[in-house]
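**Q** Residues per chain, in single letters:
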Amino acid sequence: MLSDKERTEIEEHSRHYPRKQAAVIEALKVVQSHRGYVSDENVKDIAEFLEMTPDEVDSVATFYNLIFRKPVGEHVILLCDSVSCWIMGYETIMDHLRAKLKIEPGQTTEDGKFTLLTIPCLGACDRAPAMMIDNDLHGNLTVQKIDEILKKYK
Amino acid sequence: MVKITIDGNVYEVDPKDNLLQTILSLGLDLPYFCWHPALGSVGSCRQCAVKKYSGEDDQKGRIVMACMEPVVDGMRISVNDPEVKDFRANIIELLMTNHPHDCPVCDEGGECHLQDVTLMSGHNYRQFDFNKRTHNNQYLGPFINHEMNRCIQCYRCVRFYREYAGGRDFNVFSSRNRVFFGRYEDGVLENEFSGNLAEVCPTGVFTDKTYKQHFTRKWDLTTAPSICHNCSLGCNIIAGERYGTIRRIASRYNGKVNGYFICDRGRFGYEYVNSDQRIREPLRRGQASGRLEPVDRETVFNYFKKIFDKKPRLLGIGSPKASLESNHALQMLVGKENFFAGVSAVEHQLTLKAIQILKEGPAEVPSLRETEKADTVLILGEDVTNTAPMLALSLRQASRQKPMELPIKMNVPTWHEMAVLELMQDERSPFFVLTPTETKLDDIATAVYRNAPDNIARLAHAVAHYIDSAAPEVENLSEEETELVKQIAENLLSSKQPLIVSGTSCLNESLLEAAANITRALKKRQKSPWIFLTVPEANSVGLALLDEKDLNQAIEKALSDSYDALIILENDLYRRIEEDKANKLFDAFEHVIVLHYLHNSTTDKANLVVPVGPFSESDGTLVNNEGRAQRFYQVFYPGDSVKESWRWLGQIITGHGLNGRSELSKLDDFIEALVRDFPELKAVKDLAPNADFRIAGQKIPRQSHRYSGRTSMNANVNVSEPKPPEDEDSPMSFTMEGYQGMPPSPFISRFWYPGWNSVQAVNKFQIEVGGALRGGDPGLRVFEPQTDSDAPYYTRIPEAFKPQKDQWFAIPVFHIFGSDELSIYTPGVAELAPKPYLLLNQKDAESFSGEKVNVLLDGKQIELTVKTSSSFPSGMVGIPFGLPEMKIFKFPNWVKISG
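First to last, the protein sequences are chains A and B.
Heads up, the first sequence is in the numbering used here, so the first residue is 1 and it goes up one at a time.
Heads up, the second sequence is in the numbering used here, so the first residue is 155 and it goes up one at a time.
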């Protein structure tokens, strides 16, 4: 079941379009912002609310890699593995994160704090290697910097 | 016409198609995946790349996708340029990186478009060293098997399912090389045309699950051109056999009838042929046991001899599921005055009415495929998805016809699917669905109107009156109804090609009359309307053309006159009339002889059962709902006991010197006799060459030249290869011997061409891709509408439907899976058939307390679960038609409910 708040927010978005189905991406974002991810049940709820089939909603949901269809940690780390960051040594950062958090990309730490994901480009090539945690961009990463940054999210 | 140069050769072509289609129409080979003539171009697979040169001096050229390229005068291209050949080989190599090498265990192997294109493009060795991506497969219901690992992301499935067939429970998920085609979650595919995925998919992602149960490679099937017997549209099919069982039904392209596709009832509803309920030898009721016991052929003839010794009077009952030839043979045996169509009075009257309307004109009668070209559609009463499924698919295409004007106006080619969809957005042709129950076409309807059949007829009559005030007037319509009448009439008047669809399933004659009146009114206003009427069964029209007398009259006659024997042809009377009436008929006879292929309630009453062949083991002709006679051919020889009904009857006729006619042994003799008695059916004789036809002195083989195991497949019975059965009824042989080239269109039993093993070979069989088959599409009309007629208006306007206090008006509700007598033998069809229920308006249902109610029907009490609908008309009940668990009731009828 969508919460009243979610419904209101989705309705607000759908008002901008001639047909409410156009707001499906926004609806997925709304649900994710409240719940951290979009569950199978949420897909059906959104479908019902926007008069779509779950197949239609999930087609959109699964296309976008920033719509999470499985539970994620409290904070999501998106580490860029694209070409500039690769040249600037993102692999060292990745190794450090894996060792520190004891998880592989795609996994969530045992305490549920962090999910580690890779992302092809954050548009921050000038600050490579870069990563994004939640909505914060972190550039010119070094192993030392990582420890400090992660502390902020504890 | 324009001139284009392909690899130095100049061709004169019509520029209406894209370059790929044009190249294929010229008979040249060019590999492709995502393009399909029925689905248009999207340019996503990059496989059909060609070189295009900008002018005479251009030596280098550039690579373009042929499917996305319009054909223009003076165009110079190359298909065989080395660079572009390399490009195509690269594309297929990329597509193959994730494709498993499982052809030997894949049902598509040997008739796989991906195999053909891989070979054609010249990709041989895998250089990709990494793992292949894998997927989990889904359960998609009893008909379609899912194997996603084989997917090459051509998107044809999702385009067919969603855009062409209107299904919404299927989609594409995820991105990049993880793209997944399937459902949100496991479950039965809801669309009635899902079986076409097996043919639309270029490889083995979606395959026929019923075929899998008894799989045989394409080249090992004995196949024959056939006609679907599961509704009145007469879609063309190819039936394939091995070891005496039908293994699968595939669509047989006919540019006039079904085009590329068939419905799921047609594709999967064949298993009654293989059923353990089949009658495979003559049966006679034992004097002592009272049970049917196997007897030999001679006993059958002796049984008849005994009857004939007394100079008997025989009563014959024909069947709308049996061929013209079989029905006519029975008619010859019993005499015209003693032959009756084996259908209820109401059904027969409606079929006769439909024929009368079609013949009288002035509306033209489109073919099934032509209905796609209508730009305004009015459906009166008929839930076509459930009564004539393929019509629903055609009408869905018609809903794109009007908005197609926009791309045409903007010079966007109509084959450019993505651009066309962008332009159309939600625009649809004016489309009106006037039915008692919800339909699967409501989603494309401009307006729907739910009401009792009489009220729909009244509204339709009012539309006719609005168009031409000389048509009879309808009084007391509500304001909303008057508004709808106006909307429908104005849309019909402003359309280029209006189409009125109706049919017999509402059992309401006024609906047919109203449909006729609208077309007549439109004609008065200088329009050229189309009318398309559906009838109950595969040969309802053929049977009605042979005889106007119905089953109710047969019972009267049987009870009033003295008859010696009753002969019933391929018919279960307990599915035609109420039980007590059928019992009365059987009780009046000492000898009941039934010709049938399945045990049923009617064979239970028989003293003698004659084993006859269903469509797979018979030749014959059917007349479809538009009056098109089409021939179906025997697929295999079932042994010496099972014969075509007409052949049994012919032997009895000649054996007793009854007809005083020439010989009756081969199919052609029966056609000759039929045309002699019914000169108006002359087309039946002309629709295909007769049995003497030969190509280069040879017959046309039912088996491919790769048919394997013929010398050993019966070795468990006899190590000597038996003499192959001979076919004296058609120019086809039952073996692989004969002319392996392209046969005349009525005899196409498989689409195969060198290099083209998949069904895509159909391109080679067409004059131009997507058009008529070479030599013309098979089938001929036995009647044409009189388009210059001045047929008068029907003047009987029905009274408005009035709900009554203590009784309910019962109408039949049809189901694609469940309402048909024979397709239900397929386990998957039975699985998808509804359980018995009673349909009620939501408000009406509130007056009953429980989930179940007792219904008093024809004096019998039955308990039914209530199903409600907010739009179903108040005061009426809907009862699912023909479910095996339910008896046949008299429809339409007033019934009482309690509970």
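Hints may be right or wrong, so weigh each one.
Derived pair list, reagent style BS3-like, types lysine-lysine, alpha-carbon separation capped at 30 Å [stated by the list, open to error]:
{"id": "1", "chain 1": "A", "residue 1": "K44", "chain 2": "B", "residue 2": "K464"}
{"id": "2", "chain 1": "B", "residue 1": "K1050", "chain 2": "B", "residue 2": "K738"}
{"id": "3", "chain 1": "A", "residue 1": "K44", "chain 2": "B", "residue 2": "K997"}
{"id": "4", "chain 1": "B", "residue 1": "K738", "chain 2": "A", "residue 2": "K44"}
{"id": "5", "chain 1": "A", "residue 1": "K70", "chain 2": "B", "residue 2": "K286"}
{"id": "6", "chain 1": "B", "residue 1": "K735", "chain 2": "B", "residue 2": "K464"}
Keep in mind that the hints were calculated from the coordinates and are not lab data.
**Q** Each hint needs a verdict: does it hold in this structure or not?
**A** How the hints compare with the structure:
| no. | hint | result |
| --- | --- | --- |
| 1 | K44/A - K464/B | 74 Å, violated |
| 2 | K1050/B - K738/B | 25 Å, holds |
| 3 | K44/A - K997/B | 28 Å, holds |
| 4 | K738/B - K44/A | 56 Å, violated |
| 5 | K70/A - K286/B | 24 Å, holds |
| 6 | K735/B - K464/B | 28 Å, holds |
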